[in-house]
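Asker: Sequence:
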Amino acid sequence: MILTATQCAFFFSDVLASPTRLFGDLQHDLGDVLNGEATLLPLPSDAPQEFPVGNLQSSSGSVRIAISRSRLDLYCSGEDSSIVLNWKKIPKLVERIRIVLKGANGIGLSRFGCTLSFFKASANPVLEIKDGFFSKAFADSCDELSFRVNEPVFKEIRFNRLRSVSSGSLTNGGSIQAGVVETLDINTDQSLRYIQDVYIDEVLSMASEAYESIGGAGVE
5 MILTATQCAF FFSDVLASPT RLFGDLQHDL GDVLNGEATL LPLPSDAPQE FPVGNLQSSS
65 GSVRIAISRS RLDLYCSGED SSIVLNWKKI PKLVERIRIV LKGANGIGLS RFGCTLSFFK
125 ASANPVLEIK DGFFSKAFAD SCDELSFRVN EPVFKEIRFN RLRSVSSGSL TNGGSIQAGV
185 VETLDINTDQ SLRYIQDVYI DEVLSMASEA YESIGGAGVE
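In terms of this note's numbering, the sequence shown opens at residue 5 and continues consecutively.
It is worth saying that the hints were derived from the structure and are not from the lab.
Note that the structure is predicted; figures quoted are calculated from it, not measured.
Hints may contain errors.
[To be verified] What follows is a list of derived Cβ distance ranges for each label pair: (1) N128 with N164: 27 to 33 angstroms; (2) G177 with A108: 42 to 48 angstroms; (3) G107 with E54: 21 to 27 angstroms.
Every residue, glycine too, gets a C-beta built ideally from N, C-alpha and C.
Based on the provided sequences and hints, a complete structural model is requested.
Answerer: Next comes the structure, spelled out in structure tokens:
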């Protein structure tokens, strides 16, 4: 399978009065990456705290950051029209964002999550899911299959590890490819008020292991 996209979500411990300063610091400190269009919307007084008011992106659009008063989301996809994403650049971007958050902004985090999306082209994705994940006796009567399961990991705290597999498609060079879509969402326990850096490192470590085992080769 190939890695096609990732999303890293930083949940703030405290809601910001305004994300304007954070927006400016990210634009300055990550300007070599976020060198594309930047927008900062006026913040209505009644806007939900999750409403994204700041958007920064690379010139190619392969890296994008959305900022609200309660969270920051980093979205990454393949560069130069490639559908394949190189995971190894993601932890470095996460670390640079962490430095900006912790620096002059003094923003703590209550939760961190990382979602990886994989794809494998297949002429018959339903059959592929049947053969790969279900017993023959059960699956022979099915025309459509998907599943979602949480495989939690306990390392000092609880880490959720949500895995979903389904049939889907991917647009590549104007053509649509059918295939198997696998998504892995790894995140820290939602009940925590603050998380330490080591827990973010653990999420990234588990994501790196998944990348190597599921899509590290970058080829089908």
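Asker: State for each hint whether it applies.
Answerer: Verification of the supplied hints:
no.: 1; hint: N128 with N164: 27 to 33 angstroms; verdict: holds (31 angstroms)
no.: 2; hint: G177 with A108: 42 to 48 angstroms; verdict: holds (43 angstroms)
no.: 3; hint: G107 with E54: 21 to 27 angstroms; verdict: holds (24 angstroms)
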